[in-house]
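Chemist: As you go down the protein sequences, you meet chains A and B in turn. Residue numbering for the first sequence follows my numbering, starting at 222 and increasing by one per position. Residue numbering for the second sequence follows my numbering, starting at 20 and increasing by one per position.
Don't take each hint at face value.
[Stated by the list, open to error] If you only want the chain A side, here are some residues facing chain B, beta carbon under 8 Å, derived:
1) VAL250
2) ASP261
3) PRO263
4) PRO264
5) ARG266
6) ALA268
7) ASN271
8) THR274
9) ALA403
10) ILE486
11) ASN566
12) LEU567
[Said to hold, decoys possible] Here are the simulated lysine-lysine pairs, DSBU-like style, with alpha carbons at most 30 Å apart:
13) B:LYS110 / A:LYS249
14) A:LYS249 / B:LYS164
15) A:LYS433 / B:LYS220
Think of the hints as simulated: they come from the structure by calculation, not from any bench. The beta-carbon is built from N, C-alpha and C at its ideal position, and this holds for glycine as well.
The chain contents come next:
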Amino acid sequence: MLRKIVVLGAVLVTLGLAACGSNSPTGKVATSNARGTLVDNPPLRVASANAATFSAQLSSTPSGQQLLQLAGTPSCGVDFYYFKYWTVAPDNSPQLASGALMVPTGSAAPCTGPRPIVLYAHGTATQSTYNIADISDTANPAYGESAMVAAVFAAQGYIVVAPNYLGYDISTLGYHPYLDGAENATVMMDALTAARTALLSTFTPTTSDSGKLYVTGYSEGGYEAMATVKAMQAAGEAVTASAPSSGPYALEAFGDAIFFGQVDIGSTAFAPMVRTSYGHAYGNLHSQPSQVFSATYASGIDSLLPNAAPLSTLFQQGLLPETALFDSTTPTSATGNAALDAQANLLLAIPAPPLYTTQEAALFDLGFGNPYLVNNSYRVEYVDDALINPDQAEMTLLSPPPQPPLTSSDVALAATSTLGLRQDLRLNDMRNGGWAPQDPMLLCGGDQDPTVFFQNTQIMAAEWTPYVQGGLVSVLDLNATPSGPYQALQAGFQQTYAGLVTAQGAAAIASYHSTEAPFCMVAARGFFAQVP
Amino acid sequence: MQKKIMTLALGAAIALAASGAHAGNAGPNDIRAGVYFVHFDAQAGDISGPYVPPGLNLHVDNVVTLYLAYVRSISTHFDVELAAGYPPLTKTEGRGPAMLGSVPYNGRIISTTRWFSPTLLFEYVFGDANSRLRPYVGVGVNYTKFFSRQSTAAGNAASGGPTSISLPSSVGPAATVGLSYEISDRWHVYASYSVAQVNSKLTAQTAGLQRTSEIHFWPNALVISAGYSF
Chain A
222 MLRKIVVLGA
232 VLVTLGLAAC
242 GSNSPTGKVA
252 TSNARGTLVD
262 NPPLRVASAN
272 AATFSAQLSS
282 TPSGQQLLQL
292 AGTPSCGVDF
302 YYFKYWTVAP
312 DNSPQLASGA
322 LMVPTGSAAP
332 CTGPRPIVLY
342 AHGTATQSTY
352 NIADISDTAN
362 PAYGESAMVA
372 AVFAAQGYIV
382 VAPNYLGYDI
392 STLGYHPYLD
402 GAENATVMMD
412 ALTAARTALL
422 STFTPTTSDS
432 GKLYVTGYSE
442 GGYEAMATVK
452 AMQAAGEAVT
462 ASAPSSGPYA
472 LEAFGDAIFF
482 GQVDIGSTAF
492 APMVRTSYGH
502 AYGNLHSQPS
512 QVFSATYASG
522 IDSLLPNAAP
532 LSTLFQQGLL
542 PETALFDSTT
552 PTSATGNAAL
562 DAQANLLLAI
572 PAPPLYTTQE
582 AALFDLGFGN
592 PYLVNNSYRV
602 EYVDDALINP
612 DQAEMTLLSP
622 PPQPPLTSSD
632 VALAATSTLG
642 LRQDLRLNDM
652 RNGGWAPQDP
662 MLLCGGDQDP
672 TVFFQNTQIM
682 AAEWTPYVQG
692 GLVSVLDLNA
702 TPSGPYQALQ
712 AGFQQTYAGL
722 VTAQGAAAIA
732 SYHSTEAPFC
742 MVAARGFFAQ
752 VP
Chain B
20 MQKKIMTLAL
30 GAAIALAASG
40 AHAGNAGPND
50 IRAGVYFVHF
60 DAQAGDISGP
70 YVPPGLNLHV
80 DNVVTLYLAY
90 VRSISTHFDV
100 ELAAGYPPLT
110 KTEGRGPAML
120 GSVPYNGRII
130 STTRWFSPTL
140 LFEYVFGDAN
150 SRLRPYVGVG
160 VNYTKFFSRQ
170 STAAGNAASG
180 GPTSISLPSS
190 VGPAATVGLS
200 YEISDRWHVY
210 ASYSVAQVNS
220 KLTAQTAGLQ
230 RTSEIHFWPN
240 ALVISAGYSF
């Protein structure tokens with residue numbers, strides 16, 4: 222009897238264990254944290270849309286319809302991948318970051334086989350949850366930019382690599398190295414290396430890297446794209462062509478313009494991000510936030526951005542002023558040098574004619590109020606330094622209208638500076654280093670941009686005058702009288718913006734910068750197509 | 020979990036060690052074999068996690084598998100049953116939108132698993148020992164272990180890449196009602212209806228990211244079997 226029971230038990234146990242097989246495997250996880258290492262291989266496909274479904278998705282919103290009209294009907298489907306990669310922080314410590322890989326799909330000729338890569342640098346993001354791979358979540362702060370890049374490039378046959386910078390998504394760095402050109406170029410290059418590895422193991426391995434590489438980006442991304450071209454050239458890595466757009470390339474001159482009173486829209490967010498970035502990278506800024514920022518906002522400001530909450534919430538909570546970068550009760554300079562103090566006081570005053578047009582003054586005056594962000598004492602310190610150690614381009618631009626066009630002899634950086642912030646801006650200014658693009662570059666923007674002034678593009682074009690004249694560097698002003706190969710885009714932008722003005726009045730100016738973005742990206746695509 | 024398994028084993032051992040009465044000349048032991056018709060009345064929470072659109076759910080397909088049991092008669096009216104089925108290949112279908120972008124989802128087999136699910140039941144048998152037809156009811160405990168968990172190609176496509184699946188083991192209550200019919204002194208046929216509660220949490224791992232769904236199975240099974248007493 223006992224033997225029978227044992228046999229029965231053995232049968233049951235055997236039934237239980239005999240079928241115990243291994244479970245389905247996941248992909249490989251990298252053990253190295255060397256630069257450019259892809260963490261999960263294959264990467265995670267977060268969404269897959271064929272040309273028709275992607276078109277339908279875009280058509281479901283008014284902004285998507287506009288984008289579709291501008292970018293064109295998708296020729297390809299797009300597979301969106303989220304990938305993680307290793308890069309380094311400014312202190313060279315290994316850092317985990319993430320990004321998007323967008324792969325064109327479909328059997329049409331431009332969608333399969335060897336395809337060019339567009340390396341895309343994203344714009345300023347104030348929310349730490351920014352994830353440009355998250356096309357499936359319309360609430361993600363990156364959704365609009367992700368859709369734009371996908372519609373303009375991926376759906377037309379370009380493989381897109383778009384990293385999230387350090388400080389966003391899964392990054393644990395705790396801040397974003399904002400406008401740190403060398404650092405973000407490193408991130409871009411490492412993401413590209415990892416994405417090229419990921420490309421070998423996607424759901425569509427028939428879509429492969431043709432070896433052609435185009436680099437572009439908008440706003441902060443325009444700057445980081447240019448920095449990436451600079452770094453890749455220095456490293457001997459090939460870039461087929463590039464199209465930095467509406468970026469703050471001439472950082473020293475741009476910083477001077479702002480402290481001179483030409484306050485740009487968005488500056489109350491940009492200022493703390495710049496200070497946090499350069500404070501970590503160079504350690505040469507005033508150590509206490511209260512030495513720079515007013516008592517109203519100084520507490521905690523060095524770790525405020527990027528933040529999980531949207532900027533509007535930070536405004537509501539009183540953690541940042543919405544527009545008042547400077548005190549409406551303007552300070553005066555007291556160096557003891559009468560001529561310098563007089564010039565400084567003119568620049569420290571609230572902008573007004575005749576130094577500025579009425580329209581310019583109305584825009585800049587929005588940057589003055591109370592409570593305000595930047596201390597008067599710091600502003601005076603900056604302005605005095607900028608006058609003692611002038612940026613030649615900015616001083617030339619300050620001359621009364623009509624201003625002659627900038628030339629290469631007008632745009633020298635300051636010889637030196639005693640202020641840490643200006644030293645850092647100069648270091649990161651794209652004029653620094655005596656370099657010029659070796660491959661075709663398109664600089665796109667709009668000359669009325671109130672967020673990133675078009676002077677950044679003008680200064681770089683002047684710096685590279687021989688290259689502009691030789692045709693290697695092209696400048697596209699979306700606001701110029703339509704002519705040439707991009708006249709349809711110029712007319713389209715101007716018509717779109719005019720529509721915004723009709724609908725919103727003066728408030729439309731706040732949308733100028735973002736309205737330019739898809740037009741510049743479509744221009745970039747057209748430009749790339751001419752550089753096969 | 021280890022403690023629960025040991026408790027379960029101990030309970031089974033005590034039950035098996037107990038001597039009991041059995042009808043006729045047959046002994047107190049009974050082995051049964053038959054067919055399990057398992058219907059999974061599964062209720063799964065929507066799948067949650069990164070990059071998961073709302074409204075994605077699961078459905079567990081019904082299975083038919085081999086039923087095996089050992090029953091020890093403790094007394095005229097009390098039996099102890101240790102039942103198990105041959106681990107069936109159970110298929111999980113996607114439920115929700117027809118397509119995730121351009122990836123088919125609704126109705127696609129997205130994963131398969133096998134499970135070993137022994138149940139220990141204490142049963143009260145109605146009627147006297149000589150009755151040919153004896154209804155019974157029972158309550159007990161079910162232990163379910165999932166293994167050979169596989170994400171299918173369709174599952175990998177929906178998940179975004181090669182995916183591993185975990186389903187932790189479950190211990191829950193079980194109950195049964197049944198009817199036995201004596202064909203001869205040693206042979207009986209049985210029909211029963213059993214239900215158990217199985218709770219688990221499906222965790223899918225794809226490229227280092229996790230998606231989860233709480234699943235509450237109420238597997239209810241119609242069993243047709245034959246038994247031999249000794």
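Chemist: Hint by hint, note whether the structure agrees.
Modeler: These are the hints, each one checked on the structure:
no. : hint                : result
1   : VAL250              : holds, 7 Å
2   : ASP261              : holds, 4 Å
3   : PRO263              : holds, 5 Å
4   : PRO264              : holds, 6 Å
5   : ARG266              : holds, 4 Å
6   : ALA268              : holds, 5 Å
7   : ASN271              : holds, 4 Å
8   : THR274              : holds, 5 Å
9   : ALA403              : violated, 29 Å
10  : ILE486              : violated, 33 Å
11  : ASN566              : violated, 55 Å
12  : LEU567              : violated, 54 Å
13  : B:LYS110 / A:LYS249 : holds, 26 Å
14  : A:LYS249 / B:LYS164 : holds, 27 Å
15  : A:LYS433 / B:LYS220 : violated, 46 Å
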